[in-house]
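Asker: Each chain is listed here by its residues.
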Amino acid sequence: MNEVELLNWARGPGLAYATVFMVFGLTLRVLEILSLGRPKEYAKVRSSGVKEGFRTIIRRNLPEKHCWKYITATYIFHVGLFVVIFFFIPHTQLFKDVFGVFWDGWPNYIIDFFTILSIATMMYVLIQRRVNPARRILSRPSDYFVWLVTFLPLVTGYMAFHRIGPDYTLMLAMHILSVELLMVMLPVTKLVHAVTFAMARYYNGSNAGRKGVKV
Amino acid sequence: MTEERVDKAETLGGSLISNGVSRRTFLKFCSTVASAMALPPAAAKAMAEKLSQATRQSVIWLSFQECTGCTESITRSHKPTLESLIFDFISLDYHHTLQAASGDAAEHAREEAQKKHKGKYILIVDGAIPVKDGGVYSTIAGITNLQMLQDVAKDAMAIVSVGTCAAYGGLPKANPNPTGAVAVSDIVKDKPIINIPGCPPIPVVMTGVLAHVLTFGIPELDSHGRPMAFFGDSIHDRCYRRPFYDKGQFAKGFDDEGARKGWCLFEVGCKGPTTHNACATVKWNNGTSFPIQSGHGCIGCSEPDFWDAGSFYKPLSTGSMNMEGWATGALAAGAAVGVASGLLNSNTKSKAEAKHEPVTLEDMGAKNE
Amino acid sequence: MTTSLEQGINTLKRVIDAPIASYFSSCTGCGICSSACIFFTETGDPKYTPIRRVEPMRRIWEQEYTVIGKLKKLIGLAKEVTEQDLKDNVELAFESCTTCGRCSMVCPIGNDIVYMIRRMREGLTAAGLAPKELQAAAVRTMETGSVMGFPMKTLEAMVKAAEEETGIEINIDKPDVDYLLLLSSAEVMQFNEIISSLAKIFKEAGVTWTFSSKAHEAGNPGMHMGASEIEAMMINRIVEAAEELNIKKVISPECGHAYMAIRWEGPNVIGRPYPFEVYHIIEVLDELRAQGKLHTRASSGTVPMTFHDPCQAARRGGVNEPQRNLLNMMSSNFKEMNDSMACNWCCGGGGGMNTIEKAEPLVRKVFHRKRQQIEELDVNIVVTMCATCRNTLEEGVEDNGMDVTVLGLTEVVANHLLKENES
Amino acid sequence: MNLIDIPVKAMETPTGMASALLAELNDHLHNLLKKGETHVIDLLSLPLNEADINELADLLGVGEVKATIKSIGSSSIRETAYSGIWWITHYGDDEKVLSELIEVTQVPEILVTHMDEVRHSAQVMASSLAGQEKVI
Numbered sequence: 000m001n002e003v004e005l006l007n008w009a010r011g012p013g014l015a016y017a018t019v020f021m022v023f024g025l026t027l028r029v030l031e032i033l034s035l036g037r038p039k040e041y042a043k044v045r046s047s048g049v050k051e052g053f054r055t056i057i058r059r060n061l062p063e064k065h066c067w068k069y070i071t072a073t074y075i076f077h078v079g080l081f082v083v084i085f086f087f088i089p090h091t092q093l094f095k096d097v098f099g100v101f102w103d104g105w106p107n108y109i110i111d112f113f114t115i116l117s118i119a120t121m122m123y124v125l126i127q128r129r130v131n132p133a134r135r136i137l138s139r140p141s142d143y144f145v146w147l148v149t150f151l152p153l154v155t156g157y158m159a160f161h162r163i164g165p166d167y168t169l170m171l172a173m174h175i176l177s178v179e180l181l182m183v184m185l186p187v188t189k190l191v192h193a194v195t196f197a198m199a200r201y202y203n204g205s206n207a208g209r210k211g212v213k214v
Numbered sequence: 000m001t002e003e004r005v006d007k008a009e010t011l012g013g014s015l016i017s018n019g020v021s022r023r024t025f026l027k028f029c030s031t032v033a034s035a036m037a038l039p040p041a042a043a044k045a046m047a048e049k050l051s052q053a054t055r056q057s058v059i060w061l062s063f064q065e066c067t068g069c070t071e072s073i074t075r076s077h078k079p080t081l082e083s084l085i086f087d088f089i090s091l092d093y094h095h096t097l098q099a100a101s102g103d104a105a106e107h108a109r110e111e112a113q114k115k116h117k118g119k120y121i122l123i124v125d126g127a128i129p130v131k132d133g134g135v136y137s138t139i140a141g142i143t144n145l146q147m148l149q150d151v152a153k154d155a156m157a158i159v160s161v162g163t164c165a166a167y168g169g170l171p172k173a174n175p176n177p178t179g180a181v182a183v184s185d186i187v188k189d190k191p192i193i194n195i196p197g198c199p200p201i202p203v204v205m206t207g208v209l210a211h212v213l214t215f216g217i218p219e220l221d222s223h224g225r226p227m228a229f230f231g232d233s234i235h236d237r238c239y240r241r242p243f244y245d246k247g248q249f250a251k252g253f254d255d256e257g258a259r260k261g262w263c264l265f266e267v268g269c270k271g272p273t274t275h276n277a278c279a280t281v282k283w284n285n286g287t288s289f290p291i292q293s294g295h296g297c298i299g300c301s302e303p304d305f306w307d308a309g310s311f312y313k314p315l316s317t318g319s320m321n322m323e324g325w326a327t328g329a330l331a332a333g334a335a336v337g338v339a340s341g342l343l344n345s346n347t348k349s350k351a352e353a354k355h356e357p358v359t360l361e362d363m364g365a366k367n368e
Numbered sequence: 000m001t002t003s004l005e006q007g008i009n010t011l012k013r014v015i016d017a018p019i020a021s022y023f024s025s026c027t028g029c030g031i032c033s034s035a036c037i038f039f040t041e042t043g044d045p046k047y048t049p050i051r052r053v054e055p056m057r058r059i060w061e062q063e064y065t066v067i068g069k070l071k072k073l074i075g076l077a078k079e080v081t082e083q084d085l086k087d088n089v090e091l092a093f094e095s096c097t098t099c100g101r102c103s104m105v106c107p108i109g110n111d112i113v114y115m116i117r118r119m120r121e122g123l124t125a126a127g128l129a130p131k132e133l134q135a136a137a138v139r140t141m142e143t144g145s146v147m148g149f150p151m152k153t154l155e156a157m158v159k160a161a162e163e164e165t166g167i168e169i170n171i172d173k174p175d176v177d178y179l180l181l182l183s184s185a186e187v188m189q190f191n192e193i194i195s196s197l198a199k200i201f202k203e204a205g206v207t208w209t210f211s212s213k214a215h216e217a218g219n220p221g222m223h224m225g226a227s228e229i230e231a232m233m234i235n236r237i238v239e240a241a242e243e244l245n246i247k248k249v250i251s252p253e254c255g256h257a258y259m260a261i262r263w264e265g266p267n268v269i270g271r272p273y274p275f276e277v278y279h280i281i282e283v284l285d286e287l288r289a290q291g292k293l294h295t296r297a298s299s300g301t302v303p304m305t306f307h308d309p310c311q312a313a314r315r316g317g318v319n320e321p322q323r324n325l326l327n328m329m330s331s332n333f334k335e336m337n338d339s340m341a342c343n344w345c346c347g348g349g350g351g352m353n354t355i356e357k358a359e360p361l362v363r364k365v366f367h368r369k370r371q372q373i374e375e376l377d378v379n380i381v382v383t384m385c386a387t388c389r390n391t392l393e394e395g396v397e398d399n400g401m402d403v404t405v406l407g408l409t410e411v412v413a414n415h416l417l418k419e420n421e422s
Numbered sequence: 000m001n002l003i004d005i006p007v008k009a010m011e012t013p014t015g016m017a018s019a020l021l022a023e024l025n026d027h028l029h030n031l032l033k034k035g036e037t038h039v040i041d042l043l044s045l046p047l048n049e050a051d052i053n054e055l056a057d058l059l060g061v062g063e064v065k066a067t068i069k070s071i072g073s074s075s076i077r078e079t080a081y082s083g084i085w086w087i088t089h090y091g092d093d094e095k096v097l098s099e100l101i102e103v104t105q106v107p108e109i110l111v112t113h114m115d116e117v118r119h120s121a122q123v124m125a126s127s128l129a130g131q132e133k134v135i
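Protein chains in written order, with numbering that gives the first Met the number 0: chain A, 0 to 214; chain B, 0 to 368; chain C, 0 to 422; chain D, 0 to 135.
For reference, chain A alone in the conformation it holds in the complex:
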């Protein structure tokens, strides 16, 4: 299989399989969670907790102030990843194609900046996983695999865009394939937090909201 066939496969069947697996897996994961139900609340609540639940989904986007020193790198990485995924113009085209919604992408130099930022912070985060005692004790082998799966699309994307490496077609194919690997891994690893974080935050915020606490 040459690089052209690889790219065609990646853009065609590969993307379809990955999308199918991801959508299937995420739907399954979310339903699995929901199936376990939530105990009925008999205490006289101070609020229904619904508003607070949604509020927490948004509010937890900013960490508690004392946490900045632990989270800055990870935070920048997530912001970078978000910007790169959702505002690189070719990516906006993909979302337009898949979801039919379109928003304006950002100029390439901004995307470039965030890509480098994300790559750098990811490397730092990897080092932290070895160095930070709490993070280290929590780390499982899969964490390093997940790190790699997240790291590859950034690097291949950067290399493809800047014509670094063997050949643009091949790099683009590798980039798309690495994204597909990420998509496949999304529902089966802790990467699922990209979706379930909203549920976790909702439940936490909602439970606290019922008691009148802002979390």
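It should be emphasised that the hints constitute simulated quantities derived from the structure, not laboratory data.
Some hints here could point you the wrong way.
Sample of chain A residues at the chain B side, in silico, Cβ under 7 Å [to be verified]:
hint	residue
1	Val3
2	Asn7
3	Trp8
4	Arg10
5	Gly11
6	Leu14
7	Ala15
8	Val19
9	Val22
10	Leu30
11	Glu31
12	Ser34
13	Pro38
14	Asn60
15	Leu93
As a list, the in silico DSSO-like pairs of lysine-lysine whose alpha-carbon atoms are at most 27 Å apart [to be verified]:
hint	chain 1	residue 1	chain 2	residue 2
16	C	Lys334	A	Lys68
17	A	Lys189	C	Lys78
18	B	Lys354	C	Lys334
Here chain D is said to cover these stretches of chain B; the calculated rule only asks that three of the stretch's residues, wherever they fall, bring their Cβ under 8 Å from a Cβ of chain D [as the list claims (entries may be wrong)]:
hint	stretch
19	24-32
20	40-50
Cβ atoms here follow ideal geometry from the backbone N, Cα and C, with glycine treated the same way.
Please build the complex by placing chains B, C and D on the supplied structure of chain A, with the hints as guidance.
Answerer: Frame of chain A; chains B, C and D shown alone:
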């Protein structure tokens, strides 16, 4: 003296002069080719020198599953062009579209040339070769394309696959490929093959490569068998609209503000970034323009399987398949399995509930202590 | 005897719900929860990372409630939870955690970690692994009605003394009054001046109230232990008392975990809503203040004081404003601690920790954080509204030779009441 | 709107390549002088924009020789203001530029009559003279 005159007449230099093609025209041709192939400028003189000393090269041109667009491309100008000079340098011994002979006489000419120039002739192929069902889907004079190719290729010095069909299978090979079309390189494995893809290829690319083969031999090729000189860069790399890409200025339709301002055509499906060809530099119709300059994105015609790479009008960064149905199906399947798994979960939970025994004061070990 | 490994694991299966599943799904192992936990910050030992405290539960969740986990189990990639796993977990779930819930505030993904630790304790208790001190406390509570074993007789004697001291009649088992007052063991044992304080305050405000001989304490070791059925028995005692006396408002004492049990967990463990409402005593006092029924003088106007928010009342219970309203009414020099209210650092003694003998050195060690917080404010008075916090703070202050007085907020309010001739 | 109206000028300003080329040409002039080495620069193979080419043409100026070749389109050969530097433009049959070269030489290769052609014309002339004799 007589000897010498005979020799001179057989060399291209001699025969061209007698046909009214001046040495200056010759040199001009060579410097144009050298420039197009990015050869060092001094190579033009060497090329002219070599060409003039060469004898006319026997060429057999086989056309298989094709549209004659490649032949059209190389011969289309009704005025004599510099590119058409290549026909003065070669002896086109068989080309069933161009030759005057027909029927038995035509096939006889081919067999003659094969015999006479055994091991020395160049075989040019345009069109893909159907191999399904013994290759019955395309025959010439009762001979299948497959047989004819194998037969002619056997004694060829080199093969030039002209056009994407011959080079990579092209349109005939596109899904679902009913005739089982394949490229020349899928059949012939033991001869040097130069691919000059494009639908059609640029005339000067064809003449340039032939001139190179006649003078300096087979040029440097990329991993797809294409001459680096013409296919080394992508359209995108050499595109004059590239600065708009870098700045993120894109035409979003063919009639919008961006289109009028000549912005990058990535978003309307330009495949320039993954297409290797010389369109952006050599251009078409004697350097008049090329598709992107005319406001249409590159469709990637010089790449393998470009027909199967999705819509010409969807950006390169999008999938090439319509995934709405797939995604909906996956959602439904996920929901079904999710509900099933959820029921299992509920079952596990109710079982746990049923098995549960309350922790009572009697369980408090301290009491017993 | 029904507790067993099997029951423990069964209980963990039973208590895993959608929120817990979403928390486990989302955890990325970032370890930031450790930065919120005094047991990590003060010892630097990564084993105290909060999310690690529920690891056996995570495995059960994965193996029982996810398709991936079931597949892993099928091909032998998943380790089943063993008795040893649960035994090893006791240290993390009981002996080094106050269930203060500060970790739940910082988790970037939004996990309510302490919600899970509370359920983890339930599983360990069902496996018969609850610390013996908590088990003993549960037995005492059910037998005497008091966590520390003070029978109603002790309280009656104190009530009599308070009546004599204040000249105010104090009701026991009087129906149809406004409030049923519950106390905590610590108040009965150490801070019993609260009875006369409250008698004065309520008299002043014209509020009627009573004790119940059936349920005089709100302390609930069943909750600490995670023994829902025992917790429910203790709750039911109070519910029955309130119902019998036809009282619509029950006052939870200055005790964080009691408030959590009676106010928030109670209706859920008994499985029905209360026919009455529950208030923290400080909420009641603040309401009286708002109604203008609390006449105090600002004698401590210039004495700098700070407030320690008890985790179960403030962060987990939602009582954050009333204490500030009251303190600001009485003092013009109230200094907020860093990380106050819902983000307050734990005293280190709650969640049953200060009754567990093994945990004592750790409780002493982690007080360092609170000491630092108090010292940087340069105050001599620390007010709180939880008997356990008060206890821990007093011990910590003594331990560290700090020149600090620890006070209960109700007591402070009582001390600031205007004498009749002053009004 | 016609094709021609689509603005295609992405880069309008000179990039400074012209002066770089001048320095290179200076070296080649010295080589010609000292070693008799000639040199050709293919302008189309360099990343020059129109502005660069115009700038280079201005810098080199116009010399005293100008020749035109007519063969399948024309070719223009002119010496620049710097003797020994020649500017050669080959046009196709429809006036499109096929190649644009700068040659550092005494006489551009393309202007020199090839001996083969001299030989050919000598033959033609001889036979034409022979024909005349017959007629005369």
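Asker: It remains to establish, for every hint, whether it holds in the given structure.
Answerer: Hint-by-hint comparison with the structure:
Taking 7 Å as the C-beta contact cut-off toward chain B, the hint placing Val3 (chain A) at the interface holds, the least distance being around 4 Å. The beta carbon of Asn7 (chain A) is positioned within 7 Å of a beta carbon in chain B (closest approach about 5 Å), and the interface hint is therefore held. Hint on Trp8 (chain A) is violated. Least Cβ distance to chain B is approximately 9 Å, over the 7 Å limit. For Arg10 (chain A), the interface hint holds, the least distance from its beta-carbon to any beta-carbon of chain B being 4 Å, beneath 7 Å.
Using the Cβ-Cβ criterion of 7 Å, the hint placing Gly11 (chain A) at the interface with chain B is satisfied: the shortest such distance is roughly 4 Å. With a cut of 7 Å, the hint placing Leu14 (chain A) at the interface with chain B holds, because the nearest CB-to-CB distance is about 4 Å. Hint status for Ala15 (chain A) relative to chain B: holds, with the closest Cβ pair at about 5 Å, below 7 Å. Using the Cβ-Cβ criterion of 7 Å, the hint placing Val19 (chain A) at the interface with chain B is satisfied: the shortest such distance is roughly 4 Å.
A least Cβ separation of about 4 Å between Val22 (chain A) and chain B falls short of the 7 Å threshold, and the interface hint therefore holds. This hint holds: Leu30 (chain A) has a C-beta 3 Å from the nearest C-beta of chain B, less than the 7 Å allowed. Annotation: interface hint on Glu31 (chain A) holds; nearest CB of chain B at approximately 5 Å, less than 7 Å. For Ser34 (chain A), the suggested interface contact is upheld, since its CB lies about 3 Å from the closest CB of chain B, less than 7 Å.
Restraint check, Pro38 (chain A) versus chain B: the minimum CB separation of about 11 Å is more than 7 Å; hint violated. Evaluation of the Asn60 (chain A) hint against chain B yields a violated restraint, the C-beta minimum of about 26 Å exceeding 7 Å. A hinted interface residue such as Leu93 (chain A) counts as satisfied when its beta carbon comes closer than 7 Å to some beta carbon of chain B; here the least separation is about 5 Å, so the hint holds. Only pairs whose Cα atoms come within 27 Å are accepted, and Lys334 (chain C) paired with Lys68 (chain A) is accepted, the gap being roughly 26 Å.
In summary, the hint linking Lys189 (chain A) to Lys78 (chain C) is supported, as the alpha carbons are separated by about 18 Å, within the 27 Å threshold. With a C-alpha separation of about 53 Å, the suggested pair Lys354 (chain B) and Lys334 (chain C) falls outside the 27 Å cut-off, and the hint is violated. Residues of the stretch 24-32 of chain B lying with their CB closer than 8 Å to a CB of chain D number 5, which satisfies the three-residue condition for coverage. Counting residues of the stretch 40-50 of chain B whose C-beta sits closer than 8 Å to any C-beta of chain D gives 4, which meets the bar of three, so the coverage hint holds.
The structure shown violates the earlier hints numbered 3, 13, 14, 18.
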